[in-house]
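Engineer: Residue numbers (the working numbering): 1030 to 1405.
One should not assume that every hint holds.
Unchecked claim - Using 20 Å as the maximum straight-line C-alpha spacing, the simulated SDA-like pairs for lysine to any residue come out as follows: (1) K1032 x R1378; (2) K1272 x K1255; (3) K1144 x V1109; (4) K1032 x L1090; (5) K1145 x V1177; (6) K1105 x M1030; (7) K1124 x V1079; (8) K1275 x F1288; (9) K1124 x M1030; (10) K1144 x R1183; (11) K1124 x K1105; (12) K1255 x E1375; (13) K1144 x F1123; (14) K1118 x L1090; (15) K1032 x V1109; (16) K1105 x P1043; (17) K1383 x E1357; (18) K1231 x K1124; (19) K1231 x P1043; (20) K1032 x V1180; (21) K1144 x F1403; (22) K1275 x F1262; (23) K1144 x R1117; (24) K1231 x R1257; (25) K1032 x E1063; (26) K1144 x V1180.
Read the hints as simulated data drawn from the structure, not as lab findings. All values reported here derive from a predicted model rather than from experimental measurement.
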Amino acid sequence: MAKKVLCLNYEYPPIGGGAGRVTRVLNELLGRMEYKICVLTSGFRNMVGVSEEYGCRVVRLRTLRKHPGYSNTLEKISYVLSAILYIRKVIQEFKPDFVHAHFAIPSGIVAYYIKKRYSIPYMISSHGGDLPGFTPETRVYFRLFNSVFRVVWRNASEAVVLNSELAEVVRKHYGIHAHVIPNGVFTQKGNIGFDVDPGNVKLLFVGRLNRQKNVEFLIRALSGAKFRNWTLFIAGDGPLREKLEKMVRDSGLSGRVVFRGWLGDSELRDYYRSCDVLCLPSVNEGIPMVGLEAMAGGMALLVSDNGGNRELVDDGRNGFVFRQGDCEDFLSKLGEIISAPVRLKEMKRYSIRKARDFDWENIARMYSEVYEKFRS
């Protein structure tokens, strides 16, 4: 008999970023196994109600969310309140065997409520931003609400994180064991271009424009580049966009740095195929989905030396790792990449081979093994 899983995530495609896409793919693959999945997520504008998506029942709640790509604290709280008000209906109709909360906060708060009210166990998948020290913006919240985080984590029956560094954070702060399961990727089908225009190497950044993603560093570093045979495309949006656009204008880079805003999945795939080097200057990362997707699209990677970024790069084979916050090291590695078109082509090819290490089917099986622990 199929196990019923209630999946909680405050963002779910087309709302949100990489973690939402991870949740959807996992649900689709696990749903093909022996699990029946219902998703409880935030609505946005007219996207409110119940639908069937990729074999899963998706309930989009009315919340205060104002932007598809990012949300503030009040909007997350509105998801928690809406979910708690709606949960009785889900429990009565769906009758879940256990709950899978993506993000300890805010989704884990709802999972904890369900456990205490209905005695249904839950597991947590951390995507990084819900752990102390991961993002600069959340530092104050961990100080103020540490007791809440502790209760949510310690009451989880199982926990999953993206890399061994995050597993150590969970052990140190909450005293529990976490399984390490990275994000996955599908190898892209269709034409992937390996040709490189030496006169205009295409750089790409994808993600939220916030402090954690550190795009400010990227613009500052590029403004000091002596070589000018590049164009940077920035795909994403966020609270720092206006500041970053002003930095570009003030640095005289308006013709070389192009803001594209949020892009849909198909548009992103086109950029992965047509661009050459993905630049990830993040302060911290779990296993960034954009890095995996860029590899599968045949891009070289230039990433900061932290967290899951390192797991994406075989240094010198499909890109380079640079010292976080070091403009000189970043420019040195970038110059090495774009000054050698033949080597860049080889890096792009190697990325596709390395992407197979993160095949989604294998990742889903690893999650299934964790799900099986709820059968006992």
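Engineer: Hint by hint, note whether the structure agrees.
Structural biologist: Comparing the hints with the structure gives:
1. For the hint linking K1032 to R1378, the alpha-carbon distance of about 41 Å lies beyond 20 Å, and the restraint is violated.
2. Our distance criterion of 20 Å between C-alpha atoms is broken by K1272 and K1255, whose separation comes to about 24 Å.
3. Under the criterion of a C-alpha separation no larger than 20 Å, the hint pairing K1144 with V1109 is consistent with the structure, at around 15 Å.
4. Note on K1032 and L1090: the hinted pairing is violated, with a Cα-Cα distance of about 24 Å set against a maximum of 20 Å.
5. For the suggested pair K1145 and V1177, the alpha carbons sit about 14 Å apart, so the restraint of at most 20 Å is met.
6. Between K1105 and M1030 the CA atoms are separated by roughly 35 Å; this puts the pair beyond 20 Å, and the hint is violated.
7. Taking the CA atoms of K1124 and V1079, the gap is about 16 Å. The hint holds against a cut of 20 Å.
8. Restraint check for K1275 and F1288: satisfied, since their Cα atoms lie roughly 12 Å apart, inside the 20 Å limit.
9. Between the alpha carbons of K1124 and M1030 the distance comes to roughly 13 Å, so the proposed pair stays at or under 20 Å and holds.
10. In summary, the hint linking K1144 to R1183 is supported, as the alpha carbons are separated by about 12 Å, within the 20 Å threshold.
11. Proposed proximity of K1124 and K1105 is contradicted: the alpha carbons are some 25 Å apart, above 20 Å.
12. Pair hint K1255 plus E1375 does not hold up; C-alpha atoms about 25 Å apart against a cutoff of 20 Å.
13. Pair hint K1144 plus F1123 holds up; C-alpha atoms about 16 Å apart against a cutoff of 20 Å.
14. Proximity of K1118 to L1090 is assessed by CA-CA distance (about 12 Å); at most 20 Å being required, the pair is judged to hold.
15. For the suggested pair K1032 and V1109, the alpha carbons sit about 25 Å apart, so the restraint of at most 20 Å is broken.
16. For the proposed pair K1105 and P1043, the alpha carbon gap of about 17 Å is at most 20 Å, so the pair holds.
17. Only pairs whose Cα atoms come within 20 Å are accepted, and K1383 paired with E1357 is rejected, the gap being roughly 28 Å.
18. At roughly 50 Å between alpha-carbon atoms, K1231 and K1124 are farther apart than 20 Å, so this suggested pair is violated.
19. A hinted pair counts as satisfied when its Cα atoms are at most 20 Å apart, and K1231 with P1043 does not qualify at roughly 26 Å.
20. Straight-line distance between C-alpha atoms of K1032 and V1180 comes to about 26 Å, which puts the hinted pair past the 20 Å bound.
21. Annotation: proposed proximity of K1144 to F1403 holds, straight-line Cα distance about 14 Å (limit 20 Å).
22. A C-alpha spacing of about 16 Å is found between K1275 and F1262, which places the hinted pair at or below 20 Å, so the restraint holds.
23. For a cut-off of 20 Å, the pair hint linking K1144 to R1117 stands: about 12 Å separates their Cα positions.
24. Taking the CA atoms of K1231 and R1257, the gap is near 11 Å; set against the 20 Å cutoff, the hint holds.
25. Restraint check for K1032 and E1063: the C-alpha separation of about 7 Å stays at or below 20 Å, so the hint holds.
26. Using a Cα cut-off of 20 Å, the hinted pair K1144 and V1180 holds, with the two alpha carbons roughly 12 Å apart.
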